[in-house]
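Asker: Working from the sequences, and respecting the hints, build out all of it.
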Amino acid sequence: MSKRNFEEIRGIPDPVAQGIVDGWDVIDAGDYQQPTTIEADVAIIGTGAGGGTTAEILTKAGLKVLLIEEGPLKSSNDFKMDERQAYKDLYQENAGRMNKDGSMSILQGRCVGGTTVINWTSSFRTPEQTLQYWGDEFKTKGVSKDDMAPWFEKMEKRLNVSPWAFPANENNAVLSRGAEALNVDWKVIPRNVAGCWNLGYCGTGCPTNAKQSMLVTTIPSALNDGAQLIYNARAERLIMDGKQVTGIEITALDKHHQPTGVKVTVKAKTVVLAAGGINGAALMLRSDAPDPNNRVGKRTFFHPVAFSFAEFEKEINPFYGAPQSIYSDHYQWQSVDGPVGYKLEVPPLHPGLTSVLLMGHGEKHFEDMQKLPNMHSMIALLRDGFNEESQGGNIELAGDGSPIIDYPFNDYLWDGIKRSHYTMAEMEFAAGAKAVKVAHVDSKWETSWKDAKAAIDNLPYIASRAFVGSAHVMGGMAMGEDLSQCVVDSNSKYHYLDNLYVIDGSVFPTSIGANPQLSIYGMACKQATRLAEKLTGKKLA
Amino acid sequence: MSNTPQHSSNKTERLSEQFAQAVPTSRRGFLKFGLMGSAALTVAGTTATLTGCSSQPDPSSGFKILRPQDREFLAALIPAVVGSAYPGELAEKAKERTVRQLDGLIYTLNEFNQKQMVQLFDALSIAPIRFAMGGPWVRWQEASVDQVNDFLVSWRDSSLQLKRMGYVSLAKLVGICWYAQPENYASIGYPGPPTKIPVEPVKKAPVISTPESLSGEADV
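Residue numbers (our numbering), protein chains in the order written: chain A, 230 to 770; chain B, 5 to 224.
Treat the hints as calculated values from the structure; they're not laboratory data.
The hints are all genuine.
Facing chain A, a subset of chain B residues (Cβ under 10 Å, in silico): (1) 84; (2) 149; (3) 153; (4) 170; (5) 173; (6) 181; (7) 184; (8) 194.
Idealized CB from N, CA, C, for every residue including glycine.
Answerer: Put into structure tokens, the structure is as follows:
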């Protein structure tokens, strides 16, 4: 049996626990016994990549900022690398979020720091082709490759983004080795880490604070400068007078994420919506926000992900080491708006998640699980939203106002899933796999590329048969000047309200075509800087 | 909720009879079964909800969402889903511990997904519907592992998206709740994570006023 890569992690101070002891203005909404009103210059709903970045910039500009977070406040002392605890504390719906017909599982953060606390640290600039497509199709302004470069540079510096300098773990090395053998180009992934231990537990909250998530960078900086944070606080409804947002109704939540019944009201001159795709759109729909062309929640994208597993003679230990360090864009841009392109990466494999990805039950499933130490997995992230046949999902509301994600799969997307299955299986064999099985209920372990190819030829590509996941939620409140499609202008102001700005991944008019965190950071840095200038009347660097 | 439960109930019974007769003997029969299965699952769930089957769990049980019949069902699924990994290191606690994990997980799902799950449990707790839907006639706790497996396979391979979705959801939930328990790591060769030893924050020593500092501050 494999050995643990580290026996213990000790001596890591918790900057958040320390900040609270040192007097940060941090409130657990669940503690309120009486209805309360909180005031601020700017209220930011959501504390992920968009909200965190915005909070630091606005606070530094001298504004009184209030951060509002639906999830709990957890930090490195709480991060035990235990899937059960992490999914419960840090993920939307206990990592059980899925689309309406159950055909796609969605991993999304729900905690102070948002998805940046649980992502796998891959940091890519928005591809030039994507920015160009937005300009052409959605009339975005000022977001060309050259316009964006200084903002990406700024955030890369802020979050210590650089290509992973250590050797890739074996799970990732399969991708580079297979690509090399097939003469397919591959590269090293830039990561936002400082002093990374190469542990492999980015997805359960970084226990060493090496990951430069919002939780340990921009949010502490904003709190040190006097910002206020309220957590376990779900923004339920925006109160509006037709032209402006005049307040935010907050539902206080207890430790089990259930309403305590105490209402909190936030009054702010300016509101920044940074709740991310799905939840941001749901808040707008619950609030009946002005939306004359009925665009809120439309075109929500997910980078639907296909998986392929490979068994090797030697140990892979896919649960240890930096989870993502190698990628290939070889199949990504063969056509910008033709058949769906995809990015190749690998996921870390921990027991709970792996059991889901392997799909199935009984003795066969247990036999698959027992291969874990010698198992590799590859993923293909489909770049949705660049073709007529890929209009994305639509956010609807359940009876209690919570979001329902209607993202149906059609032949266009299934074609991408199937093509990527071929690609990944071939690459895994090229890297020396002794057996390969794509993530599909009907897929069996095949021992040659020829057999795997023949097997994939005959797989039915229908819902709940092929496994599809997602870890990237984008769109739903498109940015651009074409009002028939967009609800937010290129500076992030909501077209139909004077003091509402949307600064997060929901403004992307298509998917990104790369892990989206740096796209959000860069865009947020630009838009929040412009907003700070507008609100203070001062020119910022 | 002042709907017409009586009507729904009759409809369910009628549909259930039809299903029983339409047990797949041919492709045609299978399709017929498939098409009506969808309606039944929805109707059965709704009926059970409207007629009061859908109660809350007894608070003293410590369960947040799962009622006794749901726990019985999920407990029966565990050995069928995890195969000979059951009962493993958890031994006699295997079912109880895993069902508690499932309770916590299902409780945190959003309303839409949670409702669907509860409706599924409701439908599968009524013998004729359970039987017509490919489950055993006997109660879940009396069903053999083979019977539970047959049920899972029939849902997995159904032409009905609703059943396939049910299969994937159930297998997924039981699997994640099983394998994420540290007692089950060794059975799949996972050595486990390092042990995290927290560092408690340091309370800064309070500033002690000295006579000098006091006299210095007096003028300010």
